[in-house]
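Chemist: Fit chain B to the supplied structure of chain A, relying on the hints for placement.
Chains A and B, in that order, are what the protein sequence lines are. The UniProt record's numbering applies: residue 1 is where the first sequence begins, and numbers increase by one. The UniProt record's numbering applies: residue 1 is where the second sequence begins, and numbers increase by one.
Note that these hints are calculated values from the structure, not bench results. Treat the hints with care, since some could be wrong.
Restricting the straight-line Cα-Cα distance to at most 20 angstroms, the calculated cross-link-like pairs of lysine to any residue (SDA-like) are [claimed, not checked]:
id, chain 1, residue 1, chain 2, residue 2
1, A, Lys-129, A, Glu-93
2, B, Lys-156, A, Val-221
3, A, Lys-36, B, Lys-156
4, B, Lys-118, A, Lys-38
5, A, Lys-38, B, Arg-218
If you want the ones that stay clear, here's a sample from chain A, every Cβ over 12 angstroms from chain B, calculated [claimed, not checked]:
id, residue
6, Pro-8
7, Val-10
8, Glu-12
9, Ser-18
10, Ala-19
11, Leu-188
12, Lys-241
13, Gln-254
Since the structure is predicted, the reported quantities are computational estimates derived from the model, not experimental observations. Every residue, glycine too, gets a C-beta built ideally from N, C-alpha and C.
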Amino acid sequence: MEHLRWRPSVNEREFIESALQSDLRVDGRHSFDFRKLKISFGREDGSSEVQLGETHVLGYVTAQLVQPYRDRPNEGTLAIFTEFSPMADPAFESGRPGESAIELGRVIDRGLRESRAVDMESLCVVAGKQVWSVRVDLHILDNGGNLIDAANIAALAALSTFRRPECTVGGDDGQQVIVHDPEVRDPLPLTIHHMPIAVTFAYFGEGNIVVVDPTYKEEAVVGGRMTATINSNGDICAIQKAGGEGVMSSVVMQCLRIASVKAADITSKIKKAVDSYTTEKALKKVKRLPASLPQKINVTDVTMEDKGDGELETQTVKTPSDVQEISKDPATTGKASSHEDAQPMLAESSNAEVKITSSSGAAGESEEAQEIGSPKSLKDAIKPKHKRKKNKK
Amino acid sequence: MESRKPPPSPLVDSYVVPGDVVLDLSEMTNQTIKLGTGLRQECDTIQATSAGMLRLSKPNKYWVESSQKRYVPSVEDTVLGVVVDTKPDNFLVDIKGPNVAFLPVLSFEGGTRRNIPKFEIGTLIYARVVKANSFMNPELSCMDAAGKAAEFGQLKGGYMFDTSTGMSRMLLSSPTCPVLEALGKKLSFEIAVGLNGRVWVNAPAPSTVILVSNAIMRSESLSGIKQRAMVENLLERLS
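Next up, chain A with everything else stripped away, as it sits in the complex:
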């Protein structure tokens, strides 16, 4: 077998142990120091990249509307998926998740879900019918030790920048779900009550020596390991003590005290990174406006022309495909399409109504953005008239 787990040489093992006896770690850190933490974000909301020393983890959050579980009809779902690439560590096998992959997923899942860090009830759209199912994918890109902590931070960072599209309930029976385009209505962030931070401790030499954030090499030599998931308020969300040496309860208590300090520290780091990301994102939005102002003038020009000749109007009224485009909500049209087939006129008119309410409800800014952002500005300009015609019919 070529794919054996990496084992340190005798020299490394002995040196790491003997250095720890004299309170030295091979990377020059103190016992309770974390490695350098770097959090960055992708171009899209809900993706994060965390580097903890050599360890490199990518977090990605997605959401979709699903039917809720029967026993919890008014709660959304949160699921954690892990992906251990053989590129990160030759010991990882592709395809089948290994022992460590399952453990990592479970520990993070327990920390995040069972401590109710993410508000699940706010993810409910229609009780018993449609709820948001949030999926967190964690990709291990490089294994430099202490994957659990890094993956946990990646999950939290991705969740705190994730935005789900806003949706409202409407339609004839009041059960139809309309998912609003992110361009029309600003997507909503998740409600995160608190940040459960995983802090991993490694025990050496019959549990007498404790270090936090073990590196890859230290993990290979370690006698025992414990992960405490704790938030900045000091609430313990989960503890995982997997095998290895037994630890005195006094040591565990000491570890928990250290963990709460570390958790507060890491929470502030995550929040800082998220804040700077969101402000950067907001600034980008602001910058877009002046460039698009001239386009707005164009739009008014088009309306002027339209009033002049009626040809364009009649054209749009003739073709039903255009009517669908006008309602400009891809998700809505997709959802309602079956409905439309049966009673086309009714569905269209109801759709148009929804459109009116949504545009009037949205702030003036978003309406502007809607007009400016889309190349269909011509049709938009005609829309009110066309609707009037429909209503008359």
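Modeler: Positioned in the frame of chain A, the structure of chain B alone reads:
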């Protein structure tokens, strides 16, 4: 036929990437050139197959020096290996290559069937590559060409860490690499560098070993002056 020197490739001592045409053979007549790693003949041209610095050893040896995590064994390299298994005839040694290397039990100075060294799994060995091709596992030896032990063999104590192959080549370069020179002025330590990107450091005090190893690991992307400054900074913090 007048004997003139082959014109050196214009790319010598500069970075090449796979696909770069290093030499055009059609312009060269009646000359022999020797290709090392990272180069391949493609019809009338010599092309690079890996990214790195193109080197020329006068008069006619070309190779590409690259820095990577994995090691591709080549003959006469000195490497640091870890014993992963023992067989009656061979020790199986991990040298960070694509395959484990064989170290015949008799390839030690004065090695006979009677005095086979006992290496437990995980023993660190400083050895020389004597056979390397893509069809067979590489073969190591703990003797120099003259059959003497010459520093080869088991390394006891100390600490081993991994760097890139480029870093280990830099440490072995002459004149002495700035980081080692700066460290050596203030500290006394023992060091063994394998071309497979493994470095072993030993010193009486563990703190010295940790300092030296971290200084070396950090110096990879630094220039000579920055390396010296970094070492001085580290030494100041220690004292």
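Chemist: All hints, please: hold or fail.
Modeler: These are the hints, each one checked on the structure:
Distance hint between Lys-129(A) and Glu-93(A) is unfulfilled; the C-alpha atoms sit about 38 angstroms from each other, more than 20 angstroms. Restraint check: the Cα-Cα separation between Lys-156(B) and Val-221(A) comes to about 18 angstroms, which is no more than 20 angstroms; the hinted pair holds. At most 20 angstroms may separate the alpha-carbon atoms for a hinted pair to count; Lys-36(A) and Lys-156(B) exceed this at roughly 32 angstroms. A threshold of 20 angstroms between alpha carbons decides the hint, and for Lys-118(B) with Lys-38(A) the separation of about 46 angstroms lies outside it, so the pair is violated.
Annotation: proposed proximity of Lys-38(A) to Arg-218(B) holds, straight-line Cα distance about 18 angstroms (limit 20 angstroms). A beta-carbon of chain B comes within 12 angstroms of the beta-carbon of Pro-8(A); the shortest separation is about 7 angstroms. Its beta-carbon lying about 4 angstroms from the closest one in chain B, Val-10(A) breaks the requirement of being farther than 12 angstroms from that chain. The claim that Glu-12(A) is not at the interface with chain B is violated, since a C-beta of that chain comes within 12 angstroms of its own (minimum 5 angstroms).
Not every beta carbon of chain B lies more than 12 angstroms from that of Ser-18(A), the smallest distance being close to 6 angstroms; the non-interface claim is violated. For Ala-19(A), the shortest C-beta to C-beta distance to chain B comes to about 4 angstroms, within the 12 angstroms cut-off, and the non-interface label is violated. With a minimum CB-CB distance of about 43 angstroms to chain B, Leu-188(A) clears the 12 angstroms threshold, and the non-interface call stands. The claim that Lys-241(A) is not at the interface with chain B holds, since no C-beta of that chain comes within 12 angstroms of its own (minimum 27 angstroms).
With a minimum CB-CB distance of about 25 angstroms to chain B, Gln-254(A) clears the 12 angstroms threshold, and the non-interface call stands.
Hints 1, 3, 4, 6, 7, 8, 9 and 10, counting from the list given before, are not met by this structure.
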